[in-house]
Structure formats: structure tokens, C-alpha cells
Amino acid sequence: AQTVTQSQPEMSVQEAETVTLSCTYDTSESDYYLFWYKQPPSRQMILVIRQEAYKQQNATENRFSVNFQKAAKSFSLKISDSQLGDAAMYFCAYRSATQGGSEKLVFGKGTKLTVNP
Amino acid sequence: KAGVTQTPRYLIKTRGQQVTLSCSPISGHRSVSWYQQTPGQGLQFLFEYFSETQRNKGNFPGRFSGRQFSNSRSEMNVSTLELGDSALYLCASSSYRTDGYTFGSGTRLTVV
Numbered sequence: 001a002q003t004v005t006q007s008q009p010e011m012s013v014q015e016a017e018t019v020t021l022s023c024t025y026d027t028s029e030s031d032y033y034l035f036w037y038k039q040p041p042s043r044q045m046i047l048v049i050r051q052e053a054y055k056q057q058n059a060t061e062n063r064f065s066v067n068f069q070k071a072a073k074s075f076s077l078k079i080s081d082s083q084l085g086d087a088a089m090y091f092c093a094y095r096s097a098t099q100g101g102s103e104k105l106v107f108g109k110g111t112k113l114t115v116n117p
Numbered sequence: 001k002a003g004v005t006q007t008p009r010y011l012i013k014t015r016g017q018q019v020t021l022s023c024s025p026i027s028g029h030r031s032v033s034w035y036q037q038t039p040g041q042g043l044q045f046l047f048e049y050f051s052e053t054q055r056n057k058g059n060f061p062g063r064f065s066g067r068q069f070s071n072s073r074s075e076m077n078v079s080t081l082e083l084g085d086s087a088l089y090l091c092a093s094s095s096y097r098t099d100g101y102t103f104g105s106g107t108r109l110t111v112v
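Residue numbers (the working numbering), protein chains in the order written: chain X, 1 to 117; chain F, 1 to 112.
Hints are computed from structural coordinates only; laboratory data are not their basis.
Beta carbons: idealized from backbone N, C-alpha and C, even for Gly.
Hints should not be assumed to be uniformly reliable.
[Said to hold, decoys possible] From the structure, some residues in chain X lie toward chain F, with a derived Cβ separation under 10 Å:
id: 1; residue: Glu10
id: 2; residue: Phe35
id: 3; residue: Ile49
id: 4; residue: Gly110
[What the hints assert, rightly or not] Simulated DEER-style distance windows between Cβ atoms:
id: 5; chain 1: X; residue 1: Gln2; chain 2: F; residue 2: Glu82; range: 37 to 45 Å
id: 6; chain 1: F; residue 1: Gly62; chain 2: X; residue 2: Glu17; range: 43 to 51 Å
id: 7; chain 1: X; residue 1: Glu15; chain 2: F; residue 2: Arg63; range: 40 to 48 Å
id: 8; chain 1: X; residue 1: Ser7; chain 2: F; residue 2: Gly84; range: 24 to 32 Å
id: 9; chain 1: F; residue 1: Gly62; chain 2: X; residue 2: Gln14; range: 45 to 53 Å
id: 10; chain 1: X; residue 1: Tyr54; chain 2: F; residue 2: Gly3; range: 23 to 31 Å
[Said to hold, decoys possible] Straight line, CA to CA, 30 Å or less: simulated DSBU-like cross-link-like pairs of lysine-lysine:
id: 11; chain 1: F; residue 1: Lys13; chain 2: X; residue 2: Lys78
id: 12; chain 1: X; residue 1: Lys78; chain 2: F; residue 2: Lys57
id: 13; chain 1: X; residue 1: Lys70; chain 2: F; residue 2: Lys13
id: 14; chain 1: X; residue 1: Lys112; chain 2: X; residue 2: Lys70
id: 15; chain 1: X; residue 1: Lys112; chain 2: X; residue 2: Lys55
id: 16; chain 1: X; residue 1: Lys78; chain 2: X; residue 2: Lys109
id: 17; chain 1: X; residue 1: Lys73; chain 2: X; residue 2: Lys55
id: 18; chain 1: F; residue 1: Lys13; chain 2: F; residue 2: Lys57
id: 19; chain 1: X; residue 1: Lys112; chain 2: X; residue 2: Lys78
id: 20; chain 1: X; residue 1: Lys70; chain 2: X; residue 2: Lys55
id: 21; chain 1: X; residue 1: Lys55; chain 2: X; residue 2: Lys78
id: 22; chain 1: X; residue 1: Lys73; chain 2: F; residue 2: Lys13
id: 23; chain 1: X; residue 1: Lys109; chain 2: X; residue 2: Lys55
id: 24; chain 1: X; residue 1: Lys109; chain 2: X; residue 2: Lys73
id: 25; chain 1: X; residue 1: Lys55; chain 2: F; residue 2: Lys13
Model the full assembly from the supplied sequences, consistent with the hints where possible.
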């Protein structure tokens with residue numbers, strides 16, 4: 001079974017600075033997708049960024065980028081120029097892409113990000 | 001484009017009762033999944049439906065069930081509620097296998 005580990009329960013960053021959230025995962029599959037979701041106090045899970053495992057190029061979305069290390073099974077999220085609105089719980093998630101494999105999302109426990117003004 | 005709609009947003013039930021939660025996916029999305037979120041266990045997968053068929057089921061007791069209708073709307077039902085069923089229940093829909101799911105705002109269920 002796949003597992004996702006987020007080793008940082010809480011992180012804080014100063015506004016306008018950069019922060020990196022860590023995520024490692026365990027799988028025996030070679031084809032999969034990885035995601036970072038943001039959950040603000042409003043509770044709605046918002047997709048921040050996704051990465052296909054077969055792509056070597058790291059995904060980027062504006063101020064958000066990932067460092068995907070497939071061999072190390074590591075998938076960290078970098079937030080540049082942090083804004084107050086970035087404060088939220090961040091969840092790393094795994095989804096199989098194997099034909100016939102489960103399409104459920106496997107989540108880590110989350111990292112609570114605080115942005116200090 | 002309307003998002004994923006979950007109703008009701010809040011619910012208070014008594015132990016032993018049953019409850020039905022509703023989820024309307026984004027128009028055109030045929031896959032709907034349900035997750036339970038608690039402070040202790042985090043986010044756990046309940047089940048996934050595609051074109052009215054349950055494709056996957058998580059490790060939850062038989063008291064948890066669901067279904068999907070021909071218009072892709074989905075419901076989940078929990079019978080004989082227990083205090084431990086208190087949680088945020090999230091529904092998510094997806095159109096393609098490569099997409100991350102789009103989540104609703106959830107239903108906060110409190111069992112007293």
C-alpha cells in the first residue's frame with residue numbers, strides 16, 4: 001500500500017519570504033501522480049499543483065513550485081514571496097496511474113503553514 | 001462554472017441515528033469520491049463512484065455506504081451513528097484520470 005509522509009506538522013514564514021514544505025512517499029508503482037492541496041479555514045481543499053511521475057521537469061504554478069525527486073521518493077513544495085493568504089493546512093497526496101490501480105488519493109497528515117506579517 | 005456542492009454544511013445527529021449526505025459534482029464530472037477528515041486520522045478514503053458504479057472502497061465498516069445517480073450526483077449514508085463518526089466529510093469530483101480532484105466545502109457531522 002502507498003503511504004505519504006509529511007514530517008513537518010507546522011511551519012512558519014515571514015511575509016515575502018520563501019518556505020519549503022517536505023513530503024516523502026512510498027510506492028512500488030512506477031506510474032503515479034502527486035499533488036499538493038491547500039486547505040484554508042474555510043475547509044475547502046484547493047489544488048495547488050500536480051506532478052506526473054513520468055515527467056522529469058518540476059511543475060510550477062506562479063509562486064508555487066515543486067522539487068520532485070523520483071528516486072528518493074520526495075516531493076517538496078516551495079512557496080516563493082509568501083503572502084498572508086497562503087496561511088493554511090497543506091496536504092501532499094498520491095494517486096496511482098497504473099491501469100486497474102486504485103484512483104483514490106492517499107494523503108499525508110498535513111503541514112500547518114503560518115505566515116507572519 | 002459551479003463547483004462541487006455538498007449539503008448540508010453542518011449536521012448534528014444523535015448516536016444510533018442514520019444520516020445521508022449529498023454531493024453534486026462539477027457538471028460533466030463522472031467520478032465522485034468521498035473522504036473522511038478527522039484530527040486524529042487525517043484524511044481517509046471512503047469510496048469512489050464512476051458512472052453509478054462503486055470502483056473503490058476504503059477500510060470502513062459496512063455502516064458506511066454510498067451511491068451515485070445517473071446525473072453523477074452522489075450520496076453517502078451512515079447508519080447507526082457512533083461518536084467516532086464525528087468528522088468533516090469531503091466529496092470530490094474529477095473528469096479525467098490525470099486530474100486532481102476538485103473538492104467541495106464538506107459536511108461537518110457532529111454525533112452527540
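### Query
Hint by hint, which ones does the structure fall short of?
1, 5, 11, 12, 13, 22, 25
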